[in-house]
Amino acid sequence: MREKYSKEFINQRKKSWYFTYGLIAILIVIVFVVSFRRPPDYVVKDEISLGTHVRVVVSSKYSGKILDSIFREFRRIDSKFNPYNPNSKIYRINHSNGNWVEVDDEILFILKKSLYYADLTGGAFDFTLGRLIKLWGFDSENSEKRIPSSDEINETLKHIGYDKVEIDGNKVRLHDGVWLDFGAIVKGYAIDRAVQIAKKIDPKATGFVDAGGDIGIIGPKFGGADWIVGIRNPRGESQQDTIGVIYLKEGAVATSGDYERFFISNGKRYYHIFNPKTGYPAKGVISATVVANSCLDADALATAIFNLGIEYSLTYIPRYGGQAFIVDENQKIHKTKGFLYFEQVH
Amino acid sequence: MKLFGKYDFVVLSVIIFLMFFLLIVRIPSRDSLKKIAVEINGKESYIFDKNGIYEIKNNGKKLMTIEILDHKVRVLRSTCPDKLCVKSGWLKNSNAAIVCVPNRIVIHYKKFPDFKRSGIDAYTW
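Taken in order, these protein sequences are the chains called A and B.
Under my numbering, read the first sequence as residues 1 to 346, first letter to last.
Under my numbering, read the second sequence as residues 1 to 125, first letter to last.
Source of the hints: derived by calculation from the structure; they are not laboratory data.
There's no promise every hint is true.
[What the hints assert, rightly or not] Listed next, the in silico BS3-like pairs over lysine-lysine satisfying Cα-Cα at most 27 angstroms (straight line):
hint	chain 1	residue 1	chain 2	residue 2
1	A	249	B	43
2	B	110	A	15
3	B	110	A	45
4	A	45	B	116
5	A	65	B	110
6	B	43	A	45
7	B	6	A	7
8	B	92	A	332
[What the hints assert, rightly or not] To spell it out: a stretch of chain A is covered by chain B in this simulated footprint if at least three of its residues, at any positions, have a beta carbon under 8 angstroms from a beta carbon of chain B; those stretches are:
hint	segment
9	50-56
10	239-249
All values reported here derive from a predicted model rather than from experimental measurement.
By construction, the Cβ of each residue, glycine as well, lies at the ideal position given by its N, Cα and C atoms.
Using the sequences and the hints, build the whole thing.
Structure below.
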């Protein structure tokens, strides 16, 4: 029988096959690596909690479980720490008529952290402003906002002061009818808890938790890049008008501003961050952004800056573990020296 | 005589088609980025993709009026006391949202997020 193809031809064809199918095999591997071995897509969930908008962005094999757990935790913290909700534990402490109240470890932790920042800032951060906040109508988004009379403010100031909070072991007692309001710290705490939960469920998870513009990083974008966070222009026309940008792979950022909760009366803006000495909204600063390792710390320091003043803040906020970006009432920007680090890609 | 038979080309074509298909199915449609979703109490209640002025209602009760123009959205009127949602201005970035806490409404782009190597991913405020 006559040979159909020469041996040389068959060998050439075999080589071509090997080359072509080898190439295809490599391409298939590359496509599978690109398509399936890359981290899962980011999943986003929004909810309203702690009186603000909460957004969780996460990439993980367990995204669903992480999101459910985080929002459950937000709801739990919201119902426990809302001082104006008669079912909350803080409400019960506030209405304990000066008697000792036994508290759990979590409330004790928040109390001690709040006392720490109150002491550290000489009272610029004060968590006993509950009555004042209610007087102005900032206790709820549905409350009527109004300018109280000076008599009302002076009367309310008698029921303010972190030195009127007494702790003994796991018991707390409030003197002179002060009301606790952890609004300036509990949002940061909830974000820190959310980040902890995500990392506990999946240490490889990446993403961030954003509650009303306070942000805690779960892990770097796409596993290695910085999250790019715009700092809102406090007098911008849109929420997305920015006056600065920071880059974060870890840690947290919190901003307090006079535009979050406010009303305008006779052309003057009244907002929810108060000077505990005067009983009126703090003056001089319209926006304060703090980057810190934990969102609780960033949240507390951002609020304190409104009463600390700019010069003091620029000196001391870095010593307290934060870096600050402050906008004064003339819309001039002031930054701590270390803030520059977060304005660069790493 | 050819080095490749016609079946080789069929197999090659099928493999290349499959590879492109796998890549394409994982790229989101750009059209979906232009749709605007309105969530009430955590449930997606409205989807809009055309310019216009729309009323947002829940259980027959009018809560707010929004305007959509060239894939941007803003709140024109709202029944909430502080009108912070109205003061939010235009929503332009797919990684942001307009929120009305009293009415429990979140307005955002239907397909979010749109994270890239550059561009803002979130806002601190």
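We went through each hint and held it up to the structure:
1. Restraint check for residue 249 (chain A) and residue 43 (chain B): the C-alpha separation of about 31 angstroms exceeds 27 angstroms, so the hint is violated.
2. This hinted pair does not check out: residue 110 (chain B) and residue 15 (chain A) have alpha carbons roughly 51 angstroms apart, beyond 27 angstroms.
3. Between residue 110 (chain B) and residue 45 (chain A), the direct Cα distance comes to roughly 12 angstroms. Compliance with the 27 angstroms bound is thereby established for this hinted pair.
4. With a CA separation close to 19 angstroms, the supplied pair residue 45 (chain A) and residue 116 (chain B) stays within the 27 angstroms bound.
5. Taking the CA atoms of residue 65 (chain A) and residue 110 (chain B), the gap is near 22 angstroms; set against the 27 angstroms cutoff, the hint holds.
6. Between the alpha carbons of residue 43 (chain B) and residue 45 (chain A) the distance comes to roughly 11 angstroms, so the proposed pair stays at or under 27 angstroms and holds.
7. As the CA atoms of residue 6 (chain B) and residue 7 (chain A) are separated by approximately 21 angstroms, the hinted pair is consistent with the 27 angstroms bound.
8. For the proposed pair residue 92 (chain B) and residue 332 (chain A), the alpha carbon gap of about 26 angstroms is at most 27 angstroms, so the pair holds.
9. Using a Cβ-Cβ cut-off of 8 angstroms, 4 residues of the segment 50-56 of chain A lie near chain B, which meets the minimum of three, so the contact claim holds.
10. Counting residues of the segment 239-249 of chain A whose beta-carbon sits less than 8 angstroms from any beta-carbon of chain B gives 6, enough to reach three: the coverage restraint holds.
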